[in-house]
Each structure stands twice: as structure tokens, then as C-alpha cells.
Amino acid sequence: MTTGTQTAQPGATVAVRALTKRFGSRTALDRVGFELRSGEVAAIIGPNGAGKTTLLSIIAGVLDPTEGEVARPSGTGRFGWVPQEPALYSKLSVAENLRLFARLERVSDPEQAVDAMLAQTGLTDRAGEEVGRLSGGNQQRVNIAIGLLSEPPALLLDEPSASLDPRQRERLWEFIAGLAERGTTILFSTHNVAEAERYASRVLVLGDGELLFTGTPAELERAVHTEDRTPGDFETAFVRFLHDRGH
Amino acid sequence: MRWLLVKDLQILKRSPLLVALLVVYPVVIALMIGFALSSPPGKPTVAVYDAVPSGRGAVSIGNQKIDIAHYANQLFDSITPIRVSSRAAAIAKVQGGQAQAALIIPADIIDQINGLITQGVGSPTVELFLNSRDPLERQFAEQAISARASQVEQAVSKQVLRVAVTDLRQVLNGGTLQFLGQNVPILGLRNARAIVQGTIDTLPVNSALKPALKQVVNFADLAIGGFSFATPVLGSIGSPLTIRQVELAGRTTPTASYAAAIAVIVSLMFVGVLLAAGLLALERSENAYSRLVRGLITPGGLLSEKVLLAALGAAAVTLLMSAFVSLFVHLDWARFPLWVAALVLGGLAFAALGVAIGGLARDVSVASLMAFVLSLPIAFVALVPGDAVSGTLKSILDAVAFVFPFRAALQAAANAFSGAAPGIGWPLVHLAVLALVFGALARLAMRRFSAS
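Chains as they are written, first to last, in the numbering used here: chain P, 926 to 1172; chain H, 621 to 1072.
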């Protein structure tokens, strides 16, 4: 069994190699492997129970794999992690939450990092407000800001837009696009296939713990052999893709 | 860990209602329990061995008899007596847990009382054996017997006083005194005075009135005897009976300080368990756990932080409470370092129990409810007097009390406050071991955090 975080090959920000995770007799992930490059935005899609959250949790270091390894470029810190539900202390203010995690992350200048994140997420004027009083969208922004405190090479987001309204979702993706433009690799899971098609440059399709496909959304559509499919309908292509493979 | 401590303190500071409830509620509960335990209802069960032969329970004073046995029976109004046939059997009842005390009335108690009343010497004594294993029961039995014994003493004293006053009136006014089975007429001081005065007034000088003067002389002798008889009688009125107490096991804890120890430990338990359980469950309900344990802090470090904060918080609250209680109840301030040791180690054990509970709960409200529901039986099991239940149940209760921190913490605090038995060393070691065991259980429970 090989576990732990190893050094990725040159050019790869995230390298996942033969990851397997078993919970008792159930195999949640089965030899999943892929690499992501700097600034790449990748979406993990798949039906419920496919292993999306398990895969992200292992890459984030929350769970240990049964087998396999996760690699990152040498000299970089741990990946940023944004769990599905905001992982924040609701009784603390926005700034206090950021300051706490900056200190726990051993960021060299916590105050500077807090100020930078407040500015980056547009929350400077809400810095002193208790997180519990913020809207869901603003809480998610703080949640992401904490994931970015240590300036990670890659940011992992588990269904980041699940609890947001359309306007908040739009702002979230604008923010994430900006991060990717600055070189941060983005890996997110989502149930919203249209969102994956729209914002991801690459999709990873998981089914029953297996990595069934990795490529661009367009490549996934082309991979589906069907006559009745409406051209450009990514969601239908995705469902057919799963169906063709017995999922 | 330092920043997590700061964070938890900030959160507590912003939850004043919760903190107030966490402190005030257990203190109120603890004081109520302490009050209730220091005023136990009902009658204590007392093994009684009365060695006085039947029909010999009366004391003769002058020409009157006082039935001591009649008054002694009043003692039994305030106890549930178990009559036994020997001193050893009475002691065995206490040692076996069937009685809370044993009262031994010696065969010569009537002679002793007679000696005191007629000669003013001696100290009539009964023996009272008390079970000091449970200070509350000990105090309960002692109070019931002493209070009733005091009433019996007063009743006997009143009777003795009545006899004495009657005798004095006879000396003053005259009458008849039974002496060696014969009625002896007593003239009385007033009559004697009248006779002497009349004689002096009516008889010529040098008259031969020897018989009348002889009467005066005789009366004077009797009066002297009567007064000298009355003196020890009156002297014995104060406390004719001495109760000699014997402790059957170890030293005793003064009840008030023991009740204070109970109140303090109940508070320590509530604050320690609830705070630790709630603080750990908070990490889960705020979804922060997964973020923390991915390299920011180890699960063991997180547990240690919660245990430390809850233990020190609980110890601080209960130290203040102890200082306040010491204004009303004697607690030995010279042993203050032992107070600190008992409350800090007790706090650590309770906090470790709290994180074990918090490790099982998904959110703060569930953790608090579980902590509350578990804490009360733990306290009650530890407080059930060993002698109140029979063999198997007693063993089960002892085993349950042994695996939770309440009894050990109570023993440590009782010793710290007043030097009560048993010593403080073993309870402190016991608490330290329990802290480690519950800490390990909490670590196991936290695996569910990651798996879920």
C-alpha cells in the first residue's frame, strides 16, 4: 500500500496515482489516477455515491487512502480545501476566522494574509461582522478565502455552489475564474452538469468509484455514440455516457 | 493549540447566556443536593444491646424511685431499634451494614446513675458505635441519638430535681422520710424554730427542758444530712448521662464539609463534562473538524485542547465556589494546594469523559443532552450509600462508580477539604488513570468524525 503526499512530475500541480479507498467491504474509489496542471479548472461529476467527495477529501488530506498516492510540486504547501458546508466558526467575525486559520496554517504574516483575503473576496467592509449573520453566499466566500490563505497551488472545492442562489453562484464562478487566471489549479465536484460544462476546462467522470472519463466537455459529448441526441446538450450526453457504461 | 484555546475563549465570551447557565445551573443543583443530603429524612436503624437486667431499671432517690427504663424507652422514638443479645452482635450489625449505629447500655448503668445522684461521683456512660464509612449516615445517626438522649437527660433531670425539691421542702416544713424501711418523722426547720422560740419565750432560765432541746439537736443533724444529700442530687441534674462514641472505620469527615465536597464535585462534573462535550461537538457542527485535522492540528492535540480548557474552566469555577462555601462551612484552607490538585485532576477526568461523549455526538445540543443525561446517574450511583443496598447490587454500583470519575473526585475533594478518609493519593491516581482512559475512548470516537 502506498499512501501520502509525494512530489508531482514537473508541470503537474496535482498528481493522483491509483487512489483506492475502501470502507469495510465497500470500495468507494478504485485505482483513480489523473494529473492537473497550473491554472486548470477541472470538475468531478458523477451520480450520487460515485465517490466525488471521497476523492476530494483524500486529495485534501482529510481522509487517508487505502492505496495510492497524491503528489504536489516540491516546495509548495498543502492544497487549499473548501468543504461543501462552510467550515467556519459562526460566533467569530470574518476577520477572526481568517486570522485563526492563518495562524493555524502558520502563514508568515497573518494580518497581511487576512487583509489580502478580505480584499480579494470583497469582504473588507464586513470584516468585523459575525459569520453566523452573513448570507450563505458571503459565508461561502469566507469559506473559500480560508482555503486560499496559504496561497496554495491548487484549490479543492466540494460542491461550492450547492447552497447559493443564481446571483451568488455567478459571483462565485467569476471569483474562481480569476484565481485560475492567476495560476491556481481548481478542482471542484458538482451535481450541476451544466456548471461543469460552462466553467471547467476538463471534466472527470466518476461512477461507482471508477474514473470513467477525463477530458474536455466537448470530448465527452463526442465520446457518446447516439443518433437522437440534440447537438450541444451536454447533460444528455453525460447521462447517456453513464448509461452506456452501466451506471 | 494556543490559537484554538483563544478561539474557544472568544466563542465562550460571546455566549454569556450559555456560560452563565453552565455555571449557575450546576451550582444551584449542587447546593440543592448538598442541602438535601445534609438533612436526611426518616429514622436511623440502630442496633441496641440493653444489658440492664429486667426490673432493675429504677433509681432510688431518698424515699422516691425514678424509672430510668421508662425514660430510656423514649430514646427509641427517634430510631428504628434492632434489639440484639450481646455487645458483639450489636457491633456486628454496624459492620455488616444492617444498622447505622450500635447503642450499648451497660448492666451497671443504674448503679452508676445511683452513685452519681447519691454520692456525686462517677459518670454513667453508654457506648455508641457509629459507622464512619459514610459521613452523612454517621452524622444522621449521631444527631438522632444525641438529640433524643438530650431529651431523656432533661426528663431524668427534671424528675431528680422534683425529688430534690420535695426533700428540701420536707427539711423546711417537716414530714415523713422513709429510712431503712421505717417512717421517720421530720420536724422541719420552721417547726423547730417555732419550738425553740416558744421554749425560749416561756421557760425560766435554767429550766430542765432537755427533751425539747434534744428534738432540736436531732432535727439539726437531719437538716445537715438533708442538705448534704441534696447537693450531689442538684449537681447531677446537668448531664447525668455520658455517651462515649466509637468510630468503627477510619476517620470521619465533618458532614458539612462532606456536603460541600458533594456540591463542589457535582458542579465540577457538570461544567467539565458539558463544556468539553460541547466544545468538541462544536468543531463538528461548524464543519471545522475536517479543516483542522488536515495538518493544522492532530486529533490528539485537538482533544487535549478541549480537555485542558474544560478542566481548567471547571476547576476555576469550583475553586471559587469552594472559597465562597468556606464562608459558611469550615474548609481547611491550610490544605489549599490539595484543593487545587483534587479539582484540577477531577476536572481533567470529567473533561475527558466529556470529550468521549462529544466524540459520539454530531452537534452541540445532542452532546449537551447526552452529557447531562449521563452525568446525573453517574453522580447518583456514586452517592448511593453502600449499606443501603444488598450484595450483588452493591457490587454492581461499586463497579459503575469505579469506572466513572465522580466517586474518586468526591473522595479527593473530601480529603482536600477536611483530611477525611480515605487519603487523597489513591483517588488522585484513580482520576489520572480515568482521564487517560476516557481520553483514549474519545480518540476512538473521533474516528467517526473522519469516516462520516
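Hints listed in this document are in silico derivations from the structure and should not be mistaken for laboratory results.
Just so we're clear, the structure is a prediction, and the values are computed from it rather than from any experiment.
Glycine is no exception: its CB is placed at the ideal position from the N, C-alpha and C atoms.
Do not take every clue at face value.
What the hints assert, rightly or not - Some chain P residues well away from chain H (every beta-carbon gap over 12 Å; in silico): (1) L988; (2) W1006; (3) S1015; (4) R1092; (5) L1104; (6) E1135.
As the list claims (entries may be wrong) - Example chain P residues on the side facing chain H (calculated, C-beta under 7 Å, incomplete): (7) R942; (8) G986; (9) A996; (10) P998; (11) G1002; (12) E1010; (13) K1016; (14) R1028; (15) V1032; (16) W1098.
Quick rundown of the hints versus the structure:
1. With 12 Å as the threshold on Cβ separation, the claim that L988 (chain P) sits away from chain H is violated: the shortest Cβ distance comes to roughly 6 Å.
2. Once the 12 Å rule is applied to beta carbons, W1006 (chain P) is inconsistent with being away from chain H; the minimum gap is 6 Å.
3. A beta-carbon of chain H comes within 12 Å of the beta-carbon of S1015 (chain P); the shortest separation is about 6 Å.
4. With a minimum CB-CB distance of about 24 Å to chain H, R1092 (chain P) clears the 12 Å threshold, and the non-interface call stands.
5. Consistency note on L1104 (chain P): stated as away from chain H, and its beta-carbon is indeed over 12 Å from all of that chain's, at 18 Å minimum.
6. Against chain H, the non-interface label of E1135 (chain P) holds: every CB pair exceeds 12 Å, the least being about 22 Å.
7. Proximity of R942 (chain P) to chain H is violated relative to the hint, the smallest CB-CB distance being about 19 Å (cut-off 7 Å).
8. Given the 7 Å rule on beta carbons, the hint for G986 (chain P) holds: about 4 Å separates it from the nearest Cβ of chain H.
9. Interface hint at A996 (chain P): violated, since its Cβ lies 16 Å from the closest Cβ of chain H, which is beyond the 7 Å cut-off.
10. At its closest, the beta carbon of P998 (chain P) sits 17 Å from a beta carbon of chain H; the interface hint therefore is violated under the 7 Å criterion.
11. The criterion of a C-beta within 7 Å of any C-beta in chain H is not met by G1002 (chain P), whose closest approach is roughly 9 Å, and the hint is violated.
12. Of the supplied interface hints, the one on E1010 (chain P) holds, with its beta-carbon coming within about 5 Å of a beta-carbon of chain H, less than 7 Å.
13. The interface hint given for K1016 (chain P) holds, since its Cβ lies 5 Å from the closest Cβ of chain H, which is under the 7 Å cut-off.
14. At its closest, the beta carbon of R1028 (chain P) sits 5 Å from a beta carbon of chain H; the interface hint therefore holds under the 7 Å criterion.
15. Annotation: interface hint on V1032 (chain P) violated; nearest CB of chain H at approximately 11 Å, more than 7 Å.
16. Taken as an interface hint, W1098 (chain P) does not check out: its beta carbon lies about 22 Å from the nearest beta carbon of chain H, beyond 7 Å.
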